[in-house]
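Visitor: Residue-level listing of the chains:
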Amino acid sequence: MRYFLCCITLVFCAAQAHAQQPTGVKAEDTPNDSGGSITVVWDYPESYEKAEQIRYIISVGEFENGPFHSAKYNEANLQSTDPGTFGHGEETSQKIFARITAYVAPTDPPKRIAIENGKTYYVQVIAHLPSGESFPSAVASAEAYENFFNTLKTNNFVLGTIFSLVILGGIILAQKRDLFIRRIAGLEALDEALGRATEMGKPVLFVHGLHDMGSVSTIAAVNVLSRVAHRTAEFNTELRVANRDPVVMAVSQEVVKESYLNAGRPDAYSDDMVFMVATEQFSYAAALDGMMVRDRPATNILMGYFYAESLLLAETGASTGAIQIAGTDSYTQLPFFITTCDYTLMGEELYAASAYLSREPKLLGSLKGQDIGKAVLLIVMILGTLLATLGNQTLTHIFTAY
Amino acid sequence: MKEFLINIDRRIIFIFVALGIIIPSLAALRLPIHITEDVKAIYDTIEEVGAKNGTILISFDYGPGSLPEVQPMAIAVLRHSFRKNVKVVGMSHWVDAVGLAQEAFEITSKEFGAQYGEDYTYLGYKTGGGSLVINMGNDFHNAFQKDQQGNNTTELPVTKNINGLADFDYVLCLAAGNTPDGIWIPFGQERYKFKFGLGCTAVMAPDQYPYLQSGQMNGMMGGLAGAAEYETLIETSGKATAGMGAQSVVHLIIIAFIILGNVMYFLYGRQKGGGQ
Amino acid sequence: MLFLRRSLPLIIAFAVGMIGILVYYIPHSGAQALEQELTTWYRIVAAFALLLGIYSLMRLHWNRVQRQQSGWGYSFLVFVGFVLMSIFATYNDGQGPLNPQVIDSGPFVWMFKYVQVPADATMFSILAFFIASAAYRTFRARTPEAAILLVSAIIVMIGRVPIGEAIYHALPEIAQWMMDVPNLAAKRGILLGVSLGAVATALRIIFGIERSYLGGGE
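Protein chains in written order, with the working numbering: chain A, 20 to 421; chain B, 1037 to 1312; chain C, 819 to 1036.
Be a bit skeptical, because a hint or two may be false.
[To be verified] Straight-line C-alpha distance at most 30 angstroms; calculated DSSO-like pairs for lysine-lysine:
#, chain 1, residue 1, chain 2, residue 2
1, B, 1162, B, 1120
2, C, 1005, B, 1229
3, B, 1120, A, 45
4, C, 1005, B, 1146
5, A, 172, B, 1229
6, A, 130, B, 1088
7, A, 393, B, 1229
8, B, 1120, C, 1005
9, A, 381, A, 276
10, B, 1229, B, 1182
[Claimed, not checked] Only part of the chain C face toward chain A is listed, based on derived beta-carbon distances under 10 angstroms:
#, residue
11, 821
12, 886
13, 887
14, 925
15, 940
16, 957
17, 961
[As the list claims (entries may be wrong)] Using C-beta positions, here's what the derived DEER-type ranges look like:
#, chain 1, residue 1, chain 2, residue 2, range
18, C, 965, A, 399, 44 to 50 angstroms
19, A, 340, B, 1062, 35 to 41 angstroms
20, C, 995, A, 397, 23 to 29 angstroms
21, B, 1148, A, 340, 53 to 59 angstroms
22, C, 939, A, 340, 25 to 31 angstroms
23, A, 135, C, 914, 43 to 49 angstroms
24, C, 1004, A, 173, 28 to 34 angstroms
25, C, 939, B, 1055, 16 to 22 angstroms
26, B, 1199, A, 420, 19 to 25 angstroms
27, A, 418, C, 834, 27 to 33 angstroms
28, B, 1076, C, 920, 45 to 51 angstroms
Because the hints were derived from the structure by calculation, they are not lab data. Treat the numbers as computed from the prediction; the structure is a model and nothing was measured. Positions of the beta carbon are idealized from the N, C-alpha and C atoms, including for glycine.
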């Protein structure tokens, strides 16, 4: 009987030891990186009740039979932080992932050795129990290499390509037939505002927002400036362009110069028309407020991205009796402009300004493409909300940024 | 009188606003402060980073104009960080933030005996915006080879193990402009996936909610109220807490004027076309 | 000449734009190095552009002083400020221009702390007065939509300051809900439109459809 019990105990211990050994160990190149890293995956331990208490050590060696050295890795379960790579399914929550970028060589002092690309490494996962016992897994091998495409961004790439094609399609369509564009009051009023300045013999002040040339709102503002300068050249009205960023100033100078040249008035252009005011936000606002109060321009055009200075500028401009047209995609500042300006271009209207003013089919076509894109997004949002409510996350995952 | 109330001269409104700030400030009016989850999230993250003796990056992106709102946040977060042994690396996208950041470090490091280079460093200002953030994400030591005082970042204990932005346990942007949604989120957090928090002026705060809900930002301090909440959380009363009394009174004054304007509009203004 | 003024900038815009898009999808170290190089170049160009800005600023104000235009005294102050700050920065509290900037003493720090900081803070503080005046003049419940906006604004204004909780304990939660739900919904809508517009504008520039930034349209 004693012999029988002892046998059962041994079999049980062996089974338990076997159950505690990390299983399903796989090593592979870490996807979507520039190399120098290996990802090790193994099964979440089902048989051990206190799975969280197990401490895993990953050993790395350059030969299958060793020696193995302990690796540097992030102990977090990557499944929860990197679903883009490892998926959202139930099965992945049963896996543990670790990313190895280096291991420690047992020299004196210990030396950190980085994982090299194109070299085969052998990996072993060792489970350490609180009792002090440890159970090594089978050996797996992998090679790190540089990836040429980040698969995490596939959704971004596909959606971006489709949207670009829709816009290009809109442009082709616009060249074949006339497209309708709704009336934008602020832009319709532009000629009237410039005409008023001409009648009064007072200058037009064009104020750029605070962003640099990398911002779309600044580019859109420069596009509007180009049309405004063309008109002021035709009307022989004085134009002043205030800048906060030196690059924007240099571009604006070129734009105004070209517009005056195209309008047949190169003689009326001077570099001093486009000037630098200040690089600091409130110095910029203070200097412009001073100009508005002293020179009393008949028309103030405020285009670009604005911050807290928006109300300071627009309220001062309103107090001088100038016609004010503002355009911004800074929606926090929109209420201030709507309150104090005669006309306000809101968000996308600013981007559409160039197409609207020029009536150039190619530009109008891109607006049409943009509208189609927006309609598609609306449908996707409604569908996504419905599906998510019904517990299906597929669409949500497709549109998630990783 | 009727005409006067329909079109109150703006200078009279200015006087009320001025008194609404001066009197509560002089009387040191103190009110209990309600803690919001967004501010608590930043506090909790600093606690977590402190527990593992980690490193955070603070981007000081504001100028003297927004100093009353944002500087108290900087001081409160630095106090909390140094108290919890969190290592701090500072930098700026705004050139005029340099003096303010240095002042915040000076005040707080003296209080807690934090050592320059060991516990914190300030890298100074650099141009580039988004491109600077990309440079920092790819190769931190290349983007900032030296700190403000000319020390090599590869040698300073606080920065020597930082190879890219992802190595920071938390990145906190204190901003008065476009740096959170124009620079840090699209070029930083989106690419390098670090934990990101924001302290910003009150006028900017409503803009930032989409990023909070999407998880690109884990917490936010908005305006003086946000700073006061953080000061309450770290149990150190500062300038923000002191300013909340005045802010409350001014809000009430503005509301009173709005209500008065509407009452007069409904009583008399509508016949006159709006009382503008 | 036309090639330099028109075609070359378009080629550069196309090439740099496409590289900027593609490297976002390519994790390979070669692509990352290229991106690093391009962004470093941009920073260098931006730093040099600052010199251009200083030149423009000085020229504008010099002309004003020379012609004694209205407010030329302010223009003169620009020179005083520029020269003084340059001298103080170079002096660097006795350390000279080659040493790191002294951060806690010296005339440069004094000017920053006691001139620029109060001047800037004053400009910002004027907003409080302007907002009060603008709110009084324009916040009128002319339509049902305006009335809803008005009530929401009042709730948020009170709910965001400590006195809100003293007036009614649930006000901060209501204000927070308004920020988190209706405000966020509206912001999302605008943000989506703005983002699509930004993508479309970027594409127009990359493909050379939008050329106004080069001056004068077609």
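Visitor: Does each hint hold? Answer for all of them.
Guide: Structure-based check of each hint:
{"no.": "1", "hint": "1162(B) - 1120(B)", "in the structure": "holds (29 angstroms)"}
{"no.": "2", "hint": "1005(C) - 1229(B)", "in the structure": "holds (24 angstroms)"}
{"no.": "3", "hint": "1120(B) - 45(A)", "in the structure": "violated (40 angstroms)"}
{"no.": "4", "hint": "1005(C) - 1146(B)", "in the structure": "violated (42 angstroms)"}
{"no.": "5", "hint": "172(A) - 1229(B)", "in the structure": "holds (14 angstroms)"}
{"no.": "6", "hint": "130(A) - 1088(B)", "in the structure": "holds (23 angstroms)"}
{"no.": "7", "hint": "393(A) - 1229(B)", "in the structure": "holds (28 angstroms)"}
{"no.": "8", "hint": "1120(B) - 1005(C)", "in the structure": "violated (36 angstroms)"}
{"no.": "9", "hint": "381(A) - 276(A)", "in the structure": "holds (24 angstroms)"}
{"no.": "10", "hint": "1229(B) - 1182(B)", "in the structure": "holds (25 angstroms)"}
{"no.": "11", "hint": "821", "in the structure": "violated (16 angstroms)"}
{"no.": "12", "hint": "886", "in the structure": "violated (13 angstroms)"}
{"no.": "13", "hint": "887", "in the structure": "holds (9 angstroms)"}
{"no.": "14", "hint": "925", "in the structure": "violated (19 angstroms)"}
{"no.": "15", "hint": "940", "in the structure": "holds (8 angstroms)"}
{"no.": "16", "hint": "957", "in the structure": "holds (9 angstroms)"}
{"no.": "17", "hint": "961", "in the structure": "violated (14 angstroms)"}
{"no.": "18", "hint": "965(C) - 399(A): 44 to 50 angstroms", "in the structure": "violated (34 angstroms)"}
{"no.": "19", "hint": "340(A) - 1062(B): 35 to 41 angstroms", "in the structure": "holds (39 angstroms)"}
{"no.": "20", "hint": "995(C) - 397(A): 23 to 29 angstroms", "in the structure": "holds (25 angstroms)"}
{"no.": "21", "hint": "1148(B) - 340(A): 53 to 59 angstroms", "in the structure": "holds (56 angstroms)"}
{"no.": "22", "hint": "939(C) - 340(A): 25 to 31 angstroms", "in the structure": "holds (29 angstroms)"}
{"no.": "23", "hint": "135(A) - 914(C): 43 to 49 angstroms", "in the structure": "holds (47 angstroms)"}
{"no.": "24", "hint": "1004(C) - 173(A): 28 to 34 angstroms", "in the structure": "holds (31 angstroms)"}
{"no.": "25", "hint": "939(C) - 1055(B): 16 to 22 angstroms", "in the structure": "holds (19 angstroms)"}
{"no.": "26", "hint": "1199(B) - 420(A): 19 to 25 angstroms", "in the structure": "holds (24 angstroms)"}
{"no.": "27", "hint": "418(A) - 834(C): 27 to 33 angstroms", "in the structure": "holds (28 angstroms)"}
{"no.": "28", "hint": "1076(B) - 920(C): 45 to 51 angstroms", "in the structure": "violated (39 angstroms)"}
Consistency with the previously given hints fails for numbers 3, 4, 8, 11, 12, 14, 17, 18 and 28, ordered from lowest to highest.
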